[in-house]
Amino acid sequence: MSDSPVDADAVRHVADLARVNLDEEDVETFTEQFGDILSYFDALDEVPAIDREAELVNVMRPDEVTDGLSQDEALQNATETEDGFFKGPNVS
Amino acid sequence: MSYNIFLNEEQIDGAADGPLSGMTIAIKDNISTEGVATTCGSNMLASYVPPYDATVVSKIKDAGATIVGKVNMDEFGMGGTTETSAFGPTKNPVDPERVPGGSSGGSAAAVAAGKADLAIGSDTGGSVRNPAAFCGVVGIKPTYGLVSRYGLIAYANSLEQIGPLANSVEDAARLLDVISGQDPHDGTTRSQGDNSAYADAADGDVSGMTIGVIRDLFDGADERVVETVEQSIEALESQGAETVDVSLASLEHAVQAYYVIAMSEASSNLARFDGVRYGLSGGYDGNWNETFADAREEGFGDEVKRRILLGTYALSAGYHDKYYKKAQDARAWVRQDFDNAFSDVDVLASPTMPVLPPKLGESLSDPLQLYLMDANTVPVNLANLPAISVPAGEADGLPVGLQLIGPQFGEESIIRAASAVEN
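Residue numbers (this note's numbering), protein chains in the order written: chain A, 1 to 92; chain B, 1 to 423.
Each hint should be verified, as a subset may be incorrect.
Covered stretches of chain A (chain B as the covering partner; in silico rule of three or more C-beta atoms under 8 angstroms from a C-beta of chain B) [to be verified]:
no. : region
1   : 37 to 48
2   : 56 to 70
What follows is a list of derived Cβ distance ranges for each label pair [stated by the list, open to error]:
no. : chain 1 : residue 1 : chain 2 : residue 2 : range
3   : A       : Asp51     : B       : Asn289    : 38 to 44 angstroms
4   : A       : Asp63     : B       : Ser191    : 18 to 24 angstroms
5   : A       : Gln76     : B       : Asp366    : 36 to 42 angstroms
Sample of chain B residues facing chain A (criterion: CB under 10 angstroms; computed from the structure) [what the hints assert, rightly or not]:
no. : residue
6   : Phe87
7   : Pro96
8   : Thr189
9   : Arg215
10  : Phe218
11  : Gln239
12  : Gly240
13  : Thr243
14  : Ser247
15  : Gly282
16  : Glu290
17  : Ala293
18  : Tyr371
19  : Met373
Calculated from the structure, these hints are not laboratory results.
The structure presented is a predicted model; accordingly, all values stated were derived computationally and were not measured.
Glycine included, C-beta positions come from ideal geometry on N, C-alpha and C.
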């Protein structure tokens, strides 16, 4: 589709923002599918501006300490831990 | 015949006595069970074992039901056929060549195949009602805030509710009585479901009730579906209900609005899966951006990646106003349209699904076509309303569902009307 709102570079860019690796085959498939889907979403242009009359109230609770997970429980699903901490890759 | 319903058949016993004692129940695998794997149908969480129970699971155990296992679903709830599960599709017990619907396909199939008396699903855009319709069982999507979502692994928080499935309206309502109510662990819950008696509303009495028939949702539907649903509405008329035709102009934009909002929320919710605290690890070599992107490439299937990326796109600079803001306008419009309609009618009716259950593998290749299949169910989530799918009959030997929609916290009305469909 020539007037497609997305090209392969746009798909690579959002994949990078979302931290999802894609192989070239995925990029090609997604570029075509995103073109169709985003063109369909374009019909939202016809929606009139709506006065949103939401009556929202904050839901509060007392700020009190209650039981939570123990450290062991919190760590039990991590692939690797060290000295009671989660272990992650280098941040740099 | 194996329908690939269960992902895990570890039995969890409930309390000795309670309103559900003697009953068996299947739980969708995106709802946390302490010490029992909860995968969301994803490789990302293939070995995840929650350290706590979801509120609904605690309530079900307290009510005396026996949990017979965790059941299959579209990956993270993203799909309408249960074919996006990383653990293979579930077959429809009514016709094993066909899909059971989704995303709570395992839940509906478990009830339809007699593997459980009851089941729990979750409904973000139709994921309880769709498989209920395709498998010929009853499914309820409660009003937003009626049932606690604590322990439900989130896909799109502003849209989703946990809901019951069963062979009869009364059984589904009885399960809803158990799971509804305010929960300090979920700030979006409201008190309307406390001390409820929904099962008592399944009295089959529709005399004097006004049913609005949403004509817009019959227009694109399969003729066989339309005919079956029309017959079930006529049967309600013969029991004393009055029907009026209703048209809601906003519904034309509901699918677009739903997918923009659901994908945007998904892109944010699923950002937590980086393989560090839980889930598939991307290893420890290289920098963290690459490692996380590796984990997410391997852990997520195509439909999940598609929705995360499209949601990221819709929220990104330059597109937020064009997609996300307009989708919120459309959502407010849908809500207004329903509010106006409920000033004249007690419940609204439509086919649950516009089509009969597709054959396995038939619909996966074109994502947009699959999204359009949700046209009749997503408006309900956008408007935070309750709805039920009840078997309307069969067409060509396949189940057809009638959807009944109620005003906010109008669960009794839809349960009453649906129980009359069973008469």
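Verification of the hints:
1. Only residues whose beta carbon comes within less than 8 angstroms of a beta carbon in chain B count, and the region 37 to 48 of chain A has 10; three or more means the coverage holds.
2. Closer than 8 angstroms: that is the beta-carbon criterion, and the region 56 to 70 of chain A has 3 residues meeting it against chain B, so the requirement of 3 holds.
3. Checked against the given bound of 38 to 44 angstroms, the beta carbons of Asp51 (chain A) and Asn289 (chain B), roughly 42 angstroms apart, stay inside it.
4. Hint check: Asp63 (chain A) to Ser191 (chain B), Cβ distance near 21 angstroms, so the stated range 18 to 24 angstroms holds.
5. Between Gln76 (chain A) and Asp366 (chain B) the CB atoms are about 41 angstroms apart, so this pair conforms to the stated range of 36 to 42 angstroms.
6. A cut of 10 angstroms between beta carbons decides the hint on Phe87 (chain B): the least distance to chain A is about 19 angstroms, and the hint is violated.
7. Checking Pro96 (chain B) against chain A: minimum C-beta separation of about 29 angstroms lies over 10 angstroms; hint violated.
8. For Thr189 (chain B), the interface hint holds, since its Cβ comes within 10 angstroms of a Cβ in chain A; the closest pair sits about 9 angstroms apart.
9. With 10 angstroms as the threshold, the beta carbon of Arg215 (chain B) stays out of range of chain A, its nearest partner Cβ sitting at about 20 angstroms, so the hint is violated.
10. Checking Phe218 (chain B) against chain A: minimum C-beta separation of about 21 angstroms lies over 10 angstroms; hint violated.
11. Restraint check, Gln239 (chain B) versus chain A: the minimum CB separation of about 37 angstroms is more than 10 angstroms; hint violated.
12. For Gly240 (chain B), the interface hint is violated, the least distance from its beta-carbon to any beta-carbon of chain A being 36 angstroms, above 10 angstroms.
13. For Thr243 (chain B), the suggested interface contact is broken, since its CB lies about 29 angstroms from the closest CB of chain A, more than 10 angstroms.
14. A cut of 10 angstroms between beta carbons decides the hint on Ser247 (chain B): the least distance to chain A is about 17 angstroms, and the hint is violated.
15. For Gly282 (chain B), the shortest C-beta to C-beta distance to chain A is roughly 7 angstroms, which falls under 10 angstroms, so the interface hint holds.
16. About 8 angstroms separates the beta-carbon of Glu290 (chain B) from the nearest beta-carbon of chain A, less than 10 angstroms, and the hint is met.
17. Annotation: Ala293 (chain B) was flagged as interfacial toward chain A, and the flag holds, the nearest CB pair being 5 angstroms apart, inside 10 angstroms.
18. Taking 10 angstroms as the C-beta contact cut-off toward chain A, the hint placing Tyr371 (chain B) at the interface holds, the least distance being around 7 angstroms.
19. For Met373 (chain B), the suggested interface contact is broken, since its CB lies about 14 angstroms from the closest CB of chain A, more than 10 angstroms.
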